[in-house]
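Going down the list, the protein sequences come from chains A and B. Here the working numbering is used: the first residue of the first sequence is 1, the next is one more, and so on. Here the working numbering is used: the first residue of the second sequence is 1, the next is one more, and so on.
Note that these hints are calculated values from the structure, not bench results. Check the hints yourself; a few may be wrong.
What the hints assert, rightly or not - Chain B is faced by these chain A residues, among others (derived, beta-carbon under 7 Å):
1. F20
2. Q31
3. Q202
4. S204
5. G233
6. E237
Said to hold, decoys possible - Some chain B residues flagged as far from chain A (calculated, every beta-carbon gap over 10 Å):
7. V44
8. T45
9. L71
10. L78
11. M91
12. I133
13. L168
14. V202
15. G220
16. M269
17. R281
18. E287
19. A337
20. G372
21. S373
Beta carbons: idealized from backbone N, C-alpha and C, even for Gly.
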Amino acid sequence: MSDRSRLRLFVLQLLVLALFVTLLSRLWFLQIMAGETFVAKQEFTARQTVQTAAARGRILDAQGRQLGSNLATYVISAQYFEFPRALPDNARNKKKNAVRAKVIKALSGLLQMDETQISDLTTLCEYTKDSAGRSTLKAGKKGVCWNGQPYQPIPIKRDVPERQAFLIEEYAEEFPGVNATLEPVRSYPYGELAAHVLGYIQPSGDAADAGQLVGRTGVELQYDKVLRGTTGGREFETNRAGVETREVSSTDPVPGSDLVLSIDLSVQKVVEDALASHIQRARTITDPCQDCDTAGQLLKAPAGAAVVLEAKTGRVAAMASYPTYDPSKFLKGIKKGSPDHVYLTDEKLVPTFSRAHQGRYAPGSTFKHVSTAAAVLDGHPLDRVYNCPGEWRIGNDPKPKHNYEGIGADGPITWKQTLVDSCDTVYYQIAEDDWTKDNNLLKDKQPAKESVQQMATRFGFGAKTGIDLPSEVSGVVPTRQWLREESARQRPTNCRLEKELPQGADGSAERRRWELVKDLCRNGSQWRPGDQANAAVGQGYVLASPLQLAVSYAALVNGGNVMVPKIAKGIIAPGGTKVDVIEPELRSKLDVDKKVLDYIKDALAAVPKEGTAKCAFGVPTATTDCKQINYAPFPFDELDIGGKTGTAEVLKKQDTSWFASFGPVSDPRYVVVVMIEEGGTGGTAAAPAAREIWEGIYGVGEKRPALENGALPTSLPVVAPDGTILAPGGKVTIRPSAGTSPSAGTGPSVGSSPSAGTSPSVPAGSSAPAVSLSLADLPSRRTGRVM
Amino acid sequence: MTEWSTPRASPVSLRRTHEPLRSRAFARNSPLRRLDWVLAFSVVTLSLLGGLLVWSATRTSNQDGFLKRHLLNLAIGLLLASMSALVDYRMLRAYAPVVYVVSCLGLIAVLSPLGDTVRGQHSWITLPAGFQIQPSEFAKVALVVGMAMILGEKRDNEADPRDVDVVLVLVLAAVPMGLIMMQPDFGTTMVFVFTILGVLAVSGAPTRWVAGLVILGVLGGWGILHFDLLAEYQRERLTTFATRPDKARLQDSAYNVDQSVTAIGSGGMWGTGLFNGVATRGEYVPEQQTDFVFSAAGEELGFVGSGLILFLLMVLMYRGLRIAANAGDAFGMIVAAGVSSWFAFQIFVNVGMTMGIMPVTGLPLPFVSYGGSSMFANMLAIGLLQNVHMRSND
Chain A
1 MSDRSRLRLF VLQLLVLALF VTLLSRLWFL QIMAGETFVA KQEFTARQTV
51 QTAAARGRIL DAQGRQLGSN LATYVISAQY FEFPRALPDN ARNKKKNAVR
101 AKVIKALSGL LQMDETQISD LTTLCEYTKD SAGRSTLKAG KKGVCWNGQP
151 YQPIPIKRDV PERQAFLIEE YAEEFPGVNA TLEPVRSYPY GELAAHVLGY
201 IQPSGDAADA GQLVGRTGVE LQYDKVLRGT TGGREFETNR AGVETREVSS
251 TDPVPGSDLV LSIDLSVQKV VEDALASHIQ RARTITDPCQ DCDTAGQLLK
301 APAGAAVVLE AKTGRVAAMA SYPTYDPSKF LKGIKKGSPD HVYLTDEKLV
351 PTFSRAHQGR YAPGSTFKHV STAAAVLDGH PLDRVYNCPG EWRIGNDPKP
401 KHNYEGIGAD GPITWKQTLV DSCDTVYYQI AEDDWTKDNN LLKDKQPAKE
451 SVQQMATRFG FGAKTGIDLP SEVSGVVPTR QWLREESARQ RPTNCRLEKE
501 LPQGADGSAE RRRWELVKDL CRNGSQWRPG DQANAAVGQG YVLASPLQLA
551 VSYAALVNGG NVMVPKIAKG IIAPGGTKVD VIEPELRSKL DVDKKVLDYI
601 KDALAAVPKE GTAKCAFGVP TATTDCKQIN YAPFPFDELD IGGKTGTAEV
651 LKKQDTSWFA SFGPVSDPRY VVVVMIEEGG TGGTAAAPAA REIWEGIYGV
701 GEKRPALENG ALPTSLPVVA PDGTILAPGG KVTIRPSAGT SPSAGTGPSV
751 GSSPSAGTSP SVPAGSSAPA VSLSLADLPS RRTGRVM
Chain B
1 MTEWSTPRAS PVSLRRTHEP LRSRAFARNS PLRRLDWVLA FSVVTLSLLG
51 GLLVWSATRT SNQDGFLKRH LLNLAIGLLL ASMSALVDYR MLRAYAPVVY
101 VVSCLGLIAV LSPLGDTVRG QHSWITLPAG FQIQPSEFAK VALVVGMAMI
151 LGEKRDNEAD PRDVDVVLVL VLAAVPMGLI MMQPDFGTTM VFVFTILGVL
201 AVSGAPTRWV AGLVILGVLG GWGILHFDLL AEYQRERLTT FATRPDKARL
251 QDSAYNVDQS VTAIGSGGMW GTGLFNGVAT RGEYVPEQQT DFVFSAAGEE
301 LGFVGSGLIL FLLMVLMYRG LRIAANAGDA FGMIVAAGVS SWFAFQIFVN
351 VGMTMGIMPV TGLPLPFVSY GGSSMFANML AIGLLQNVHM RSND
């Protein structure tokens, strides 16, 4: 071998070695240095997950009735790889395409669907890439072809009758790749009942939730985490074509916990019926306001709200808002132009808006328990008498403020009479005094006392009550400080309006408005005697929700405990394995002498009997006022009720009608607050509605009591391992999804024990592991029968 | 006597000169004794590992069909290797022209109506029983033997090949190369270029020729890499033989490389374990049992396993070049150097392609990839190496 050959062979060897070194370095880089990235990339390409929704926890009323349950519905779906696929139309595929056509024809006959629709649904969407790399849909229209992954079941039809589902299963060979599976669907068996408490659910827009249904309002939102459960899922590898090759992991969904509410359906029904019927009735009544613009017109009464609180615990026995809505309408989404679209667009009424805890209204005279307590503590003792003139001029106001309904006594009256007749002028005088004293304090560089405002804050006004419902309002307790901040916020607008608005002629409405705006622009931040007078009678800037008022009355009658109102009473884990009781919660003590509170309570006890609400309670009277509101006498000896009417003036609207009541007077168990927008005086619309609620709860006269002995159950209903619900005390066995389902069309029957239904059902706890539960510890086991 | 028959001053050679001529002849007639066992071991191990990988890459949709045929190919291949090893290569010289002509006829047949297209390459002849032959694989063997014939003959009397010999070699190579380019199969063409280059260099041909060929090789390589840019007008001529537009093919190969690189990268140090590769099981890498078999090794056997395969291939190359260095004569040396150059280039291009550092050209990985023609041609070549080894003065 020549030296040249030898040298070149050596070079060749070196070259080969270099090539191998290159390959090994590249291999090292790919596998060791960048390996992690590629593992992730590979998983991203080949790993797929299909999620299984967990059955949402049920929502039960205090007696264990299902306000929110899960109906099992059948969904017919196709597995892409098993269903005969659409092949290009040529001679070779003729037979296969004929099979597909046959299956589709059979399916369309069974499901009563268009053949082309089924064909489109079972075809994968194809995309073409343009030069810019954008993908555009090739075959089929959007939403018609299957835009999901081929390994996911393609839903062909949801909510299919049982018979069709059974036929699909029975003739499986006729329907290759077609399955009928059960799918839990939220249902609200009582329709609109307690809608504002329940709220509604909608598919989540959050990618992490993968289209899961999540609560949007009400307890569905507040307790979403509890109710939702844990989504199950299957992770698996697919090959290039998308066919599953191996299961990586699989977890069963964990159903959500059941939520027990303190709401009692029977009471709720009474409340909603009373509210609705008295709103309807108010619309037939002429506005009793003599000197209003709307005098002589019928009351509009477009909306209202009512709250029933357990006075001592603050538990909400019922809470209603009118108009209401059907939460199940939101499950499928509300299309534009559908009759339900009003839920979302009717700006004035907005049925989804819960007026009971989201609405802010001037409470009017129902606020007087606060101003009375404040006045008594501030040097206007209970044992003195006060003048109640028909009208009172405050400060340098050109127009005197007068009492409603022409009330006016010539002689001095007691605090009790002041409350019973709702004499505003007494409060005006005290307010003027207060204002002067505060003004003097301010002149001496000392902080103003603002005794009414302070008392209001102690009663819980001006702050959220803390109820376990979303989007609660705080209301307003107007102080000098508040007014300064508020007017600073509104000043630019008012000053702009002063320039823009027409001044109008003297005495015209235009001129009045312009003068108001002008005044607000220049002196808006000034706290005047009139403001103090307004605040004392729950007018002017004072705003409160019906719930806040109920909480304050509960504090008045329960010995001074301001409670945090509670909707939920307990959380029961699937299968009844774990029970969390939600205990009543004290927010603060009133710190007002019990004698004062009892005096006010006793004084208010006379209001339905001889005061502003006497017409609503059918007490015979010489005056002609009761003509429009003619009611049978209320049996006070059976059930002693106290309360306070409120008639709140609202700019450009008819008066808001209020009635805040409590009973039985000797040891009040409940507080019932009714508010009807543009419902006239408190005695006109709200008091009769409240009376009907009281009658319903206790079963006055011929009525069946909504609550036996008028008491709410103290214990929680019990959920058995199989999902069966036993009522507290174990008297009634409530089957899951009991036959009160709305599909019957006859409407739910409230008050009678629900009978077992025939519709298929998914008990929330059914997929939970069977646990040995010591039922002996649970109250219902003693007498209850377990299915 | 030329330097080829002069005993070299290696201890082995020295020892051998003391032995009687007869015993040496006896030893020579006992091929097993002089077999390069390391080479044989690495070839068989590679083929068996290849069988496992081919199985893993195809078992999802074909159970063990490909495994069985790979093993059958291996068996036939070993038989062919034995045949080409046992016939004295000096006698092979006489048959070299025949081998050459037959392989050229095969390549012509590919272009005739007998030819068939597989995976976009018009490189196949379909035989009656459904078998397919890829003549270009065998043409590699024929080329090596043919070049050795020309360059080796003269060497008995003269030191290095003359210009005439080089020209003759190039003419000889031009015929099959032209036919292969018409398929078009640029991968195999480049194997030819590199093999010719290796052979000419090692044979001691004038430097200008070697340098010229290096430049040609570089240009050719560049041509492949930039085929898309180069050949708007050329392609029109060539696409008459290709069934799919080149753009689609390039898109395919980009996808192929992406999947292959991902699969290899995800293997990490230890790999997912045989049959456990996500990409391999899911058949994400097209042609994984053939050209992209190294991606299965990368994913399932990791750096350790695929490194072992590279190591075995390196051993194979080392033995091949060692056989060339120790060959008994110029013919043997050129055969061994030719086979080594061919394998070296093909291994580098194939493995580099699966790792995204070389363009996608339809070249299989010797012994590991599934494929009959490739296995048979490779085995014939290994037989030749063994042949040279057994008859060397080592």
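Against the structure, the hints:
A hinted interface residue such as F20/A counts as satisfied when its beta carbon comes closer than 7 Å to some beta carbon of chain B; here the least separation is about 5 Å, so the hint holds. Contact between Q31/A and chain B, as hinted, is supported at the beta carbon level, the nearest pair being about 4 Å apart and thus within 7 Å. Hint status for Q202/A relative to chain B: violated, with the closest Cβ pair at about 37 Å, above 7 Å. Proximity of S204/A to chain B is violated relative to the hint, the smallest CB-CB distance being about 30 Å (cut-off 7 Å).
The interface hint given for G233/A is violated, since its Cβ lies 19 Å from the closest Cβ of chain B, which is over the 7 Å cut-off. Residue-level restraint check for E237/A holds (minimum Cβ-Cβ distance to chain B is 6 Å; threshold 7 Å). Residue placement check: V44/B keeps its beta carbon more than 10 Å from all beta carbons of chain A (closest about 20 Å). A cut-off of 10 Å between C-beta atoms confirms that T45/B is not in contact with chain A; the least separation is 17 Å.
With a least CB separation of 25 Å from chain A, L71/B remains clear of the 10 Å interface cut-off, as annotated. Here L78/B stays apart from chain A, with its beta-carbon at least about 25 Å from theirs, past the 10 Å limit. Taking the minimum C-beta to C-beta distance to chain A, about 22 Å, the non-interface status of M91/B holds against the 10 Å cut. Every Cβ of chain A is farther than 10 Å from the Cβ of I133/B; the closest lies at roughly 28 Å, confirming the non-interface assignment.
The beta carbon of L168/B is kept farther than 10 Å from every beta carbon of chain A, the shortest such distance being approximately 18 Å. Non-interface status of V202/B relative to chain A is broken: a Cβ of that chain comes within 10 Å, the nearest being about 5 Å off. A cut-off of 10 Å between C-beta atoms confirms that G220/B is not in contact with chain A; the least separation is 17 Å. Its beta-carbon lying about 6 Å from the closest one in chain A, M269/B breaks the requirement of being farther than 10 Å from that chain.
Not every CB of chain A is more than 10 Å from the CB of R281/B (nearest about 6 Å), against its label as outside the interface. Taking the minimum C-beta to C-beta distance to chain A, about 12 Å, the non-interface status of E287/B holds against the 10 Å cut. Interface exclusion of A337/B from chain A breaks down, the closest Cβ pair being 7 Å apart, not more than 10 Å. Distance check on G372/B: its Cβ is at least 26 Å (rounded) from any Cβ of chain A, clearing the 10 Å threshold; non-interface status holds.
No Cβ of chain A comes within 10 Å of the Cβ of S373/B; the nearest lies about 24 Å off, and the non-interface call holds.
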